[in-house]
Each structure stands twice: as structure tokens, then as C-alpha cells.
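S.K.: Protein sequences appear in the order of chains A and B.
Sequential numbering of the first sequence, starting at 1, is according to this note's numbering.
Sequential numbering of the second sequence, starting at 1001, is according to this note's numbering.
All the pointers check out, no bait thrown in.
Straight-line Cα separation of at most 27 Å, DSS-like style, residue types lysine-lysine; simulated pairs:
| hint | chain 1 | residue 1 | chain 2 | residue 2 |
| --- | --- | --- | --- | --- |
| 1 | B | 1002 | B | 1032 |
| 2 | B | 1230 | B | 1243 |
| 3 | A | 194 | A | 143 |
| 4 | B | 1217 | B | 1156 |
| 5 | A | 101 | A | 194 |
| 6 | B | 1217 | A | 100 |
| 7 | A | 101 | B | 1230 |
| 8 | A | 178 | A | 71 |
| 9 | B | 1221 | B | 1156 |
| 10 | B | 1221 | A | 102 |
| 11 | B | 1217 | B | 1230 |
| 12 | B | 1002 | A | 194 |
| 13 | A | 194 | A | 178 |
| 14 | A | 102 | A | 178 |
| 15 | B | 1236 | B | 1221 |
| 16 | A | 101 | B | 1217 |
| 17 | B | 1236 | A | 102 |
| 18 | B | 1221 | A | 101 |
| 19 | A | 100 | A | 194 |
| 20 | A | 71 | A | 100 |
| 21 | A | 178 | A | 101 |
| 22 | A | 102 | A | 143 |
| 23 | A | 102 | B | 1230 |
| 24 | A | 194 | B | 1032 |
| 25 | B | 1217 | A | 102 |
| 26 | B | 1221 | A | 100 |
| 27 | A | 101 | A | 143 |
| 28 | B | 1230 | A | 100 |
Everything labelled a hint here was simulated from the structure, so no lab data went into it.
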Amino acid sequence: MVRMQPSVDTQVIADSDAVAVERTLAGERDAYRILVERHSQNVFRLAYRMAGNQHDAEEIVQEAFLRAYQKLGQFAARANFGTWVYRIAANYAIDRMRQKKKEDARRVEPLSTEDNTENDPVNKMPDAAPTPERLTQSLELRKHMEVALAALSESERTAFVMRHWEGCGIEEIAAVLKSSSGAAKNTVFRAVQKLRQALQPFVGRTTQARTIGTEL
Amino acid sequence: MKHTTEEELIAYREGMSVMRAEIAEHLKGCEKCRAELERIEAVLAALDTLPVPDPGDDYGRRVWQQIAPHLPEKPVRWWQSWFEPKRLMALGAVAALVIAAFLIGRHTGSGSPDVTATKEQVRERILVVAVGEHLGRSEMMLVELSNAEPNSPTQKKVNIAAEQRRAEDLLDENRLYRQTALEQGDTALASVLDDLERVLLDVAHGPDQVTPAQLEKIRQKIEARGILFKVRVVSKELQERQKATQPAPAQDNSIKLERNKA
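Working from the sequences, and respecting the hints, build out all of it.
M.R.: Structure (C-alpha cells):
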């Protein structure tokens, strides 16, 4: 889990970002390149966790920097450019996920939980299975995690990604979700609760299998 | 202290609890709550194993290369953005709508519920006409984009710069109509305008020279979203609504006036 913590380095970067923003606004387009190159990796990580695939994540990153450039005049120099572009990316990712869900709902039948759990032969294997099976089981867990994350609402996924993985403050999450801090907190809570309900049966089994495997 | 709830444990685990010290103290002496927290942590720890691919050290450079051709020479200051031609046009269109609605309101007088209902109908009709025209222009642009071809068989790329400029112009109008539809509680219309906005965004922010394969991808996106079909259905529905709310002659003049202005 990555936590964003303010440090001397962060302050130096923020100051240098402010200079790059001013230079860009003054017409030096190449100055924006510094901002893009500096923040792309962070925005990509957020975008990937929100979208769940590389193709969408890359499109979110590009769109976020394009929108940030177009709105750069509205950017208050005292704010942190990294946080700002991050917020733009999160908002765009929410819109995109919403759109994608609508499209998927029209095209694909929802996955049956039964098919994925009780009827899955991998899950019927004994816990002390040999290594290749345990590997399969761990891949299976990964699939379950991806399904569980995809089943969260856009707001829940955003809140969870921003809080748990990106270490964002509740106020920042509330700003992206356009809600109160209390509502943002509740959204994080709901997300963890749903993930727990969906994954606990598999996590227990895999953890147990891993322990037995180590003992063997 | 009583046993902690799941919500308190999640808040504690995610650093959002205001009772941090109390919960920590309780956990020291309560095996049951400790076990519950461990179960939550096991799920979160498993989720932490989900990998995020490394896009590579040169990723920032690649992003720059992809977006640089689409960036205008200079971003506008916040106050300058109000004077952009397309924003002025969109604002002009909305101002014309408001003035027309106001004038029609004055013509019809005020006071009785019947008159209020008529005013509402007229306002709705103005929106219906304006949105109908907007959808017509959007449909035309999408059809032309779907049928775009290279100028000559030797050309490897198709120039869609004209469609792209039109998409940019349509975007601002679209946003305003979508917001108005939402304010008026017309969620079905707002939803179609929302879908249309995404397609317009894709076109407006894409490259202005595309390969046939990229063009095919755009066509597939338009097709997958069923946007042309939706636009046609809503246009038809708006025409029906326009007929159903046919106004009195005085209002008709104002509508024509409005059309001319638009």
C-alpha cells in the first residue's frame, strides 16, 4: 500500500510544479512536459487500479493531462499540481467506468456467483494440494478479487482505491465524489465490507493452503 | 468497552477512526475482536497482492508524445476561457433561449395556474426545438465521420479535422442542454446527451489524421454505443413532442425568431 506523505521532497516538487505551471501559462508549452513526465506514473497507478486494465488506464492518463492543460488557467498556483491532476484523472475514471458498466450491462450477462465458487473445481480441492494446484488457486483468488472490485459501484471503487491504495485523505476523496466527508467515509466502509463479503471465503482457504504448503 | 463493530474495525484499519486509542486498548484484551480484525486484514492483504503493471521508466515521455500534438499552443487563463468563440456561441444560444422564454412569458401574462402551465410548455418547446436541432447536427457529423474515407487511394490517413472541429463546437452546447434536461427532470434525454457527449469527447480529443484502422475503431465505438440509433429515436420523439405542444400563433413567431437566432 502506498501512502502519500508530505515531505521535504514533496514540497520541492510542488514548488517546482508551480514554476512549470506558470511557465506553461506564459506560453512555454514545453514546460508542461515536465509536469507530464513527473506525474504520469502516479496517475497511471491510480488509473489502473480504478479501471482494472492497462488500455483504459493509459487512456485515462492521457485524457487527464489533456484536461489539466485545458483547465490550467483555472488551477490555483497555491494548490498541488500532482493532487489536482490526480483528481481530474479520478473524475474522468469514474465517468468512464460508469459508461463502461452501462455498455457491459447491455452486452454481457452477469457472472453467477455459484459458477465462480461452489461449482468451481479449483475451490473443491483439498487445502493441502500440491504446488501447481496452489498456484492455480492463487490465480483463482486473483480472478475473484478482480470480480469483487468490478462489482463495487464507481464511488465505492474510487473511495477504496484512493484511501486504501493511494492513501488519500478523506477530504480529498469527498472532493472527488462530490460528497461530504462523512459520506466519503461511509463509502470506504461499504467498499471494504463488500470486498470482505465477496472474498473472505477464498482468502481463508488460500491462506490456509499456503500455511499447509509451507509446512510440507 | 463493548466489542467493536465491523465498521469501527474497518475505520481503525484504514486510519479513519476517531476512537483509535480506545479501539487499540480494547484489542489488546479482546481475542474475539482481534480475530475479527485479522480477518479484515487478510482480505485487504490479499487485495494488496494484486499487481499494477510497471508502464516503464519512459512512460511519462510516451504520454507527452501522445498528447503533445493535441495541445493548443497556450492554455487559456481562467478569465480568457469566457471569451472563447465556441463558449460565447453556446452562451449566446442559451441567452437567446432565456430571452425568448422571458418574452413569451410576458406575452402570456401571469397569475393563474393555467398560464403558468402554458409558460412551462413554451419553455419546454423551446428546449425541444433547440435540442432537436442540436441532435440533428450531431447526427450529421457522426454520419459523415462514419463515412469518411481517404481523399485518394494512395493516402494512408484520413483527415477528420473538420468533423473534429464540429465535435468541439457541439460539445459545449451538448453540456448545456444535458444540464438543462437534468434540471428539468428529463433523465432519459439527459442520458442520451450524456452518451453523445462521450462520443463527441472521443472525437474532439482524438487525432485529426487517422489511419483506416483507427477510423474503423471510432466507427465501432459509435456503433457499440448505439449512439446514432439513440439520437434518431430521441430526435423522432422530440418531433412528436414538438407537435404535441404546438403553440398559439404569438408563441409560434417567437419560436421562429429563436430558430433564426440559433
